[in-house]
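Q: Here the protein sequences line up with chains B and P, keeping their order.
Going by the numbering used here, the first sequence opens with residue 1, and the numbers climb by one from there.
Going by the numbering used here, the second sequence opens with residue 1, and the numbers climb by one from there.
Hint data in this document are derived by calculation from the structure and do not stem from the laboratory.
Just to be clear, a hint being listed does not mean it is correct.
[Unchecked claim] The following residues of chain B were derived to be distant from chain P, with all beta-carbon distances above 12 Å:
#1 2
#2 7
#3 16
#4 17
#5 23
#6 25
#7 36
#8 82
#9 83
#10 89
#11 92
#12 104
#13 108
#14 114
#15 118
[Claimed, not checked] Ranges between beta-carbon positions, derived for each pair:
#16 B:108 - P:178: 38 to 46 Å
#17 P:15 - B:107: 35 to 43 Å
#18 B:116 - P:154: 39 to 47 Å
#19 B:109 - P:178: 34 to 42 Å
#20 B:88 - P:57: 50 to 58 Å
#21 B:75 - P:57: 30 to 38 Å
#22 P:166 - B:35: 44 to 52 Å
#23 P:54 - B:91: 38 to 46 Å
#24 B:13 - P:170: 35 to 43 Å
#25 B:108 - P:15: 51 to 59 Å
#26 B:32 - P:166: 32 to 40 Å
#27 B:91 - P:43: 33 to 41 Å
#28 P:336 - B:116: 34 to 42 Å
Keep in mind it's a predicted model, so treat the numbers as computed, not measured.
We treat Cβ as the ideally placed atom computed from N, Cα and C, and that holds for glycine.
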Amino acid sequence: MARKDELGRWGEVVAGDFLVANGYEVLDRGWRCRHGEIDIVARLASAIAFVEVKTRRTGRYGHPLEAITPSKLARLRVLAGEWCRANRVTAAAIRIDAIGIIGDGIAIGSLEHRTAVIG
Amino acid sequence: MTIGRTRSVALSGLSGHLVDIEADIASGLPALVIIGLPDASLGEAKDRVRSAIANSGLVMPPTRVTVNLSPASLPKQGSGFDLAIALAILAGSRDVPTESVASCVHLGELALDGRLRPVAGVLPAVVAARDAGASRIMVPAGNRAEAELVPGIEVIPVSSLAHAVRFHGVDITVHDVDVIEPPREPEPEPTQRDLSDIVGQPDIISALIAAAAGGHHMFMLGPPGAGKTMIAERLVDILPDLTPEESLEVTSISSLARVAHTSRLATRPPFVAPHHTATAVAIVGGGSGIIRPGAVSRASRGVLFLDEAPEFASTVLDSLRQPLESGDIVIHRANTSARFPANVQLVLAANPCPCGNAGVDDATCLCTPDRRRRYLARLSGPILDRIDLHLPVSRVRRAQLFDTTLPRVTTAEARERVANARARAADRWGFTRPDPLELRSGRFRLKPTAVRSLDAALDRGALTMRGYDRVIRIAWTLADCDGSDTPIADHVGRALYLRQGVPV
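Can you make the complete structure from the sequences, with help from the hints?
A: Written as structure tokens, this is what we have:
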């Protein structure tokens, strides 16, 4: 596994722990279909959050969240629908979240959770 | 949700409006959105601001930032808002004290490395900020001299964004940077010309002094080489210095038109001589997006000289009619309008025919009568009717050139005579000139014996009513130049000749 992929895996684990610590129930991780991959699906009360996780070693080349482009968000939206259909889940509210992590694979430099980043 | 605020200035024409700039640092993915009718160069501010902040050792908030320029309905152009946008964002993220930023007006374009670039129109912008009650304004260091021309407001020149942030009370390292200076125009060479260069044409000299004294428009008709351009240039030399108010207006226009680096107030009236291929927009001003002043505004409070006047497109000449009448020009575009001053003294010059030889002794005109007629007919009646002094200019003969008995008037002498004549008119009329009716029948009515020749011309139909009024005005100017209290028959006769002297 490439070094950057390792870092990404690590970031997703960190993000999952963060969500659990904040009262979320993690429903799914790394769910794939032909449209792509959802990093984390988590539920808090009646809302389901589809979470994109971005991890970078430093903020020198921009904040990790800056790497989430509009086209990536559009894809997440499609994926959210696909996941609900595949898992026969109906939720009162679904939303797209983003978590940006700066860390080196061992220690967390910073972690930011932005909720409902589209519409 | 936090908000940072500051102010900047949007110019439309010479008048500026304070613009409130607010930056909302919201939750969300990193994005910078600018709203409030920005044009393309202002929309690009987001990329300049982002880079400038990062390269100044500061942090662009990694969230959704919405910058609003208010009033949102006022179209805003140009790059002068960069500094204000950057500081509003930094104040919103609480990296810079909010009160300090909010209490200051900011102008300036950011370079990607965080330095400040000078912008056009600083002088009118600073004036507008002061008039709107702002107490201090931050400008690019390169515009310092220009901004400091305006009294009554504290000017804070800064060379970079880091420098600006430090001024607002943040402990940040400011690296010494090279101040970005505006492009410098070479200093104008001190003029060598003098009125005494004009030899052998005493009539022209006295007409020129009358034109300067009374602010009368002038039309010169003469063959090539008779010295029409030379005469026009010397008209501006004998005009009095600008008053402080006029000086600010002239300097503001040149700041806006970016015709020169403005570091001191203009003291002499401008002289603008556009080429005859100029378009209407070049003359009256215009342009899409940013409306720029045209030649008629750049020449405001000075002389607009149109050489080879019949070669100008007739639409261009006719577009001058309204500004000549009202002294200003309002340019309308779909989404905005701008008012510029257009208080010019117009000087037209024309050859008598396309070949230039008509009416010249010892030369043969090769033009057909029809061509000749068409040539001068391009100068439309309405525009010539607004011109008071019609001067025939002829070539100087050798005898005149070496005739030492002819008086020579220097620029200094002429300027003094002009100043005296103007003082006399101001004493009599105060600040407002009397309207034609008052001149014709009010307390300034001339003696019937004085206006006999004029009445005769009106009866013959050789003169319009407007022409009649103009002649009386010229007569008053001539009397002022001679130092007499009221025009006598001789002044009226000379005035009539000056108005009607050129058969067109």
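Q: With reference to the structure, classify each hint as holding or not holding.
A: Structure-based check of all given hints:
1. 2: The claim holds: residue 2 of chain B sits with its nearest Cβ about 26 Å from chain P, beyond 12 Å.
2. 7: holds (19 Å)
3. 16: For residue 16 of chain B, whose nearest Cβ neighbour in chain P is about 20 Å away, the distance exceeds 12 Å, so it holds.
4. 17: Non-interface label on residue 17 of chain B holds, nearest chain P Cβ at 22 Å vs cutoff 12 Å.
5. 23: holds (19 Å)
6. 25: Since the minimum Cβ distance to chain P is about 23 Å, residue 25 of chain B lies beyond 12 Å and the statement holds.
7. 36: Non-interface label on residue 36 of chain B holds, nearest chain P Cβ at 18 Å vs cutoff 12 Å.
8. 82: holds (22 Å)
9. 83: Residue 83 of chain B is indeed farther than 12 Å from all Cβ atoms of chain P, at 21 Å.
10. 89: holds (25 Å)
11. 92: holds (22 Å)
12. 104: Fine: 19 Å to the nearest Cβ keeps residue 104 of chain B off the interface.
13. 108: Residue 108 of chain B is indeed farther than 12 Å from all Cβ atoms of chain P, at 16 Å.
14. 114: violated (6 Å)
15. 118: violated (9 Å)
16. B:108 - P:178: 38 to 46 Å: At roughly 42 Å between Cβ atoms, residue 178 of chain P and residue 108 of chain B fall inside 38 to 46 Å, so the hint holds.
17. P:15 - B:107: 35 to 43 Å: violated (58 Å)
18. B:116 - P:154: 39 to 47 Å: Given about 45 Å between the Cβ atoms, the range holds.
19. B:109 - P:178: 34 to 42 Å: holds (36 Å)
20. B:88 - P:57: 50 to 58 Å: holds (53 Å)
21. B:75 - P:57: 30 to 38 Å: The hinted range 30 to 38 Å holds for residue 75 of chain B and residue 57 of chain P, with Cβ atoms some 36 Å apart.
22. P:166 - B:35: 44 to 52 Å: holds (50 Å)
23. P:54 - B:91: 38 to 46 Å: holds (39 Å)
24. B:13 - P:170: 35 to 43 Å: holds (38 Å)
25. B:108 - P:15: 51 to 59 Å: The hinted range 51 to 59 Å holds for residue 108 of chain B and residue 15 of chain P, with Cβ atoms some 55 Å apart.
26. B:32 - P:166: 32 to 40 Å: violated (51 Å)
27. B:91 - P:43: 33 to 41 Å: holds (38 Å)
28. P:336 - B:116: 34 to 42 Å: holds (38 Å)
Against the hints set out earlier in the document, violations occur for numbers 14, 15, 17, 26.
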